[in-house]
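If you read the protein sequences in the order shown, they are chains A and B.
Residues 1 to 398 (our numbering) are what the first sequence spells out, left to right.
Residues 1001 to 1143 (our numbering) are what the second sequence spells out, left to right.
A portion of the hints provided could be inaccurate.
To be verified - Stretches of chain A that chain B covers, calculated by requiring three or more beta carbons in the stretch to come under 8 Å of a beta carbon on chain B:
| no. | region |
| --- | --- |
| 1 | 150 to 157 |
| 2 | 162 to 176 |
| 3 | 205 to 212 |
| 4 | 235 to 248 |
Said to hold, decoys possible - For each label pair, taking beta carbons as the anchor points, the in silico distance ranges come out as:
| no. | chain 1 | residue 1 | chain 2 | residue 2 | range |
| --- | --- | --- | --- | --- | --- |
| 5 | B | Pro-1078 | A | Arg-21 | 12 to 22 Å |
| 6 | B | Leu-1038 | A | Val-46 | 51 to 61 Å |
| 7 | B | Pro-1049 | A | Glu-376 | 29 to 39 Å |
| 8 | B | Arg-1029 | A | Asp-201 | 31 to 41 Å |
| 9 | A | Gly-24 | B | Ile-1140 | 16 to 26 Å |
| 10 | A | Glu-132 | B | Gly-1109 | 50 to 60 Å |
| 11 | A | Pro-336 | B | Trp-1061 | 36 to 46 Å |
| 12 | A | Pro-336 | B | Ser-1056 | 50 to 60 Å |
| 13 | A | Gly-290 | B | Ser-1056 | 50 to 60 Å |
| 14 | B | Glu-1138 | A | Thr-68 | 26 to 36 Å |
| 15 | B | Pro-1120 | A | Trp-63 | 23 to 33 Å |
Unchecked claim - Cβ-to-Cβ under 7 Å is the rule here; a few derived chain A residues that face chain B:
| no. | residue |
| --- | --- |
| 16 | Asp-29 |
| 17 | Gln-59 |
| 18 | Trp-63 |
| 19 | Ser-67 |
| 20 | Gly-137 |
| 21 | Leu-141 |
| 22 | Leu-260 |
| 23 | Ala-261 |
| 24 | Gly-369 |
| 25 | Thr-370 |
| 26 | Val-372 |
| 27 | Gln-374 |
| 28 | Gly-377 |
In case anyone wonders, no lab produced these hints; they're calculated from the structure.
Note that the structure is predicted; figures quoted are calculated from it, not measured.
Just so it is clear, CB atoms sit at the ideal spot from N, CA and C, and this is done for glycine as well.
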Amino acid sequence: MSAGLRDRAAIVGIGQTAFGRNLGRSELDLACEAIMAACADAGVPVGSIDGLVSYDIEQVAAWHLGSTLGLDGLRFFCGTPSGGGGVASTVGLATMAVATGAAEHVICFRSRNRSKAASYGPGHNQGGRPWEKTTSGLADLRQFHHPFGIAAPVQEMALIARRHMGVFGTRAEHFGMQAVAQRHHASLNPAAIMRAPLTLDDWASSRMIADPIRLPDCSLENDGAVAVLVTSAERARDLRQPPAYVLGAAQGYHTIHTELADTFARSGLFGGPSTIGGRAIAERLFGMAGVGPGDVDAAMIFDHFTMAVPLTLEQYGFCPMGEGGPFIATGATRWPEGRLPVNTHGGSNGEAFVHGFNHLPEAVRQVRGTAVNQVEGCEIVFVNGAITDTHGAVLLRC
Amino acid sequence: MTTKRVFPSEFPRPLPGTEFWPFWEACRRRELRIQRCLECGELRHHPRPYCPGCRSRRFEWALMSGRARVVSWTICHPPVLPAFADRVPYQAIVVELEEGPFLVSNLIGCELDDLAFDLPVQVCFVDIDDELTVPQFEVIPRP
């Protein structure tokens, strides 16, 4: 496969706010802090940002960032499909922008003010849980879930997870083991919200939310923003930090978890012949990068719920189909001893939930060699968006 | 599961008049109808204006037998939609219809402990009020 975007760009700056419940700041405020931090990290003036990439459900508008941070040189704007699917895709889009000369300093960001107590903004996606704001008169496809009591993402993921258990013999404890591994990582990470360690016994006696998914399997509900700065490989060499080069980047269509009938019929998550989703993206990603899953040293896997981790490991070929659960059970995803440490910052149930975006700076820290839970000799890191959505993935290298 | 009626105004209900509404009109007549492509015959649910298999815009609302098997389930605990708050924990299922498509629904008259893969089920219809009928499923007793 064509080398495409391989080594054309790099992440040269990372920035994040504090993560916490009810920080009492707007999403615009948080986004600005993260973006300025990413620029400071890279040693690039904020005013030289000329591109912005975000999720298309992002509430912070490009023009508000322009007017707040004085980004008069903006000349490239782009969004990614779905919510958590967008994490790694943003970096792929920024890479295309800098590789073609459409922009030179592209910021990818995500800002959320989602604490239950937070009340900033009247928007569907601001303050609290969007699905709880459902009104009667459903004009969209929610009408095939909500009248049956299926509305929250956790309930949709539970139905996907249970099917995986039925087809492959995955056990709920496998999700729990991943929750425990990530909370172990979080316990060592000063930036993490959940610092208290979790045992498998704690997990087994924790609240059931949507069987088989328990509370510690769930991503946190918190506020925070994260940004990364992408520039060309040539420009990257002049900057302050060791570049995290984009070794590969790919996106792909996938059914969305809010349309479960389609997910069951067409997604291939359960081993069918489907050519959409993770396995197809993996082929493009590794083909472009010229490496295989076995060359990856650490993985930052989108984990809205820990059940996403085994599904992602399988779809991307880190283990055979159906063996994601047993792979976790061997301790493979746990730092430092595992052969593929996953979500070494603590992930979305440990560090914070920024719609997966905090996985990107952790991947960069791993290739720089500056992570708190540093994987020894780490050279290549995988990051992806939600396996249950249309999403993308990137490989970063030092 | 109890089929206790909930206050209709807070029950999440589809908006009449959309391209999805014929599904709900059929439920009102106690029929389970799914879109079938008139070119290639592929069944598709959720409803959509084109066939994902052959891109034809011609379709009919085909009557299903209502026979299905349980392929997944969950048991929902708080937090849940307000309309369902008084029935937690409650179950929801995904069924695979005999004809192929999948559907999210609930099982009537089944203990939570009895949920199982491949349980044979048959559609039934529950009136939420004078305007909305939802398709639910009942276990078919094994011979």
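Cross-check of the supplied hints:
1. 150 to 157: holds (count 4)
2. 162 to 176: holds (count 3)
3. 205 to 212: Three-residue rule met by the region 205 to 212 of chain A, so holds; n is 6.
4. 235 to 248: This one is violated; 0 residues, fewer than the three required, reach chain B with a Cβ under 8 Å.
5. B:Pro-1078 / A:Arg-21: 12 to 22 Å: Once the Cβ atoms are compared, 19 Å apart, the range 12 to 22 Å for Arg-21 (chain A) and Pro-1078 (chain B) holds.
6. B:Leu-1038 / A:Val-46: 51 to 61 Å: holds, 58 Å
7. B:Pro-1049 / A:Glu-376: 29 to 39 Å: violated, 54 Å
8. B:Arg-1029 / A:Asp-201: 31 to 41 Å: Violated - the Cβ-Cβ distance for Arg-1029 (chain B) and Asp-201 (chain A), about 52 Å, lies outside 31 to 41 Å.
9. A:Gly-24 / B:Ile-1140: 16 to 26 Å: violated, 55 Å
10. A:Glu-132 / B:Gly-1109: 50 to 60 Å: Once the Cβ atoms are compared, 29 Å apart, the range 50 to 60 Å for Gly-1109 (chain B) and Glu-132 (chain A) is violated.
11. A:Pro-336 / B:Trp-1061: 36 to 46 Å: Violated, since Pro-336 (chain A) and Trp-1061 (chain B) (Cβ atoms, about 58 Å apart) do not stay within the stated range.
12. A:Pro-336 / B:Ser-1056: 50 to 60 Å: holds, 56 Å
13. A:Gly-290 / B:Ser-1056: 50 to 60 Å: Violated: the Cβ-Cβ distance is about 41 Å, outside 50 to 60 Å.
14. B:Glu-1138 / A:Thr-68: 26 to 36 Å: At roughly 58 Å between Cβ atoms, Thr-68 (chain A) and Glu-1138 (chain B) fall outside 26 to 36 Å, so the hint is violated.
15. B:Pro-1120 / A:Trp-63: 23 to 33 Å: With Cβ atoms ~57 Å apart, the hint is violated.
16. Asp-29: violated, 28 Å
17. Gln-59: The hint is violated - Gln-59 (chain A) has no Cβ within 7 Å of chain B, the shortest such distance being about 22 Å.
18. Trp-63: Cβ of Trp-63 (chain A) sits 32 Å from chain B, so the hint is violated.
19. Ser-67: violated, 37 Å
20. Gly-137: holds, 4 Å
21. Leu-141: Result: holds, 5 Å to nearest chain B Cβ.
22. Leu-260: It holds, given that the least Cβ distance between Leu-260 (chain A) and chain B is near 5 Å, below 7 Å.
23. Ala-261: holds, 4 Å
24. Gly-369: At about 41 Å, which exceeds the 7 Å cut-off, the nearest Cβ of chain B leaves the hint on Gly-369 (chain A) violated.
25. Thr-370: Violated, about 38 Å.
26. Val-372: Hint on Val-372 (chain A): violated, closest Cβ of chain B at ~32 Å, above 7 Å.
27. Gln-374: This interface hint is violated because 37 Å lies over the 7 Å limit.
28. Gly-377: This hint is violated: Gly-377 (chain A) lies away from chain B, its Cβ roughly 41 Å from the closest one there, beyond 7 Å.
Taken one by one, the earlier hints fail for this structure at numbers 4, 7, 8, 9, 10, 11, 13, 14, 15, 16, 17, 18, 19, 24, 25, 26, 27 and 28, listed in ascending order.
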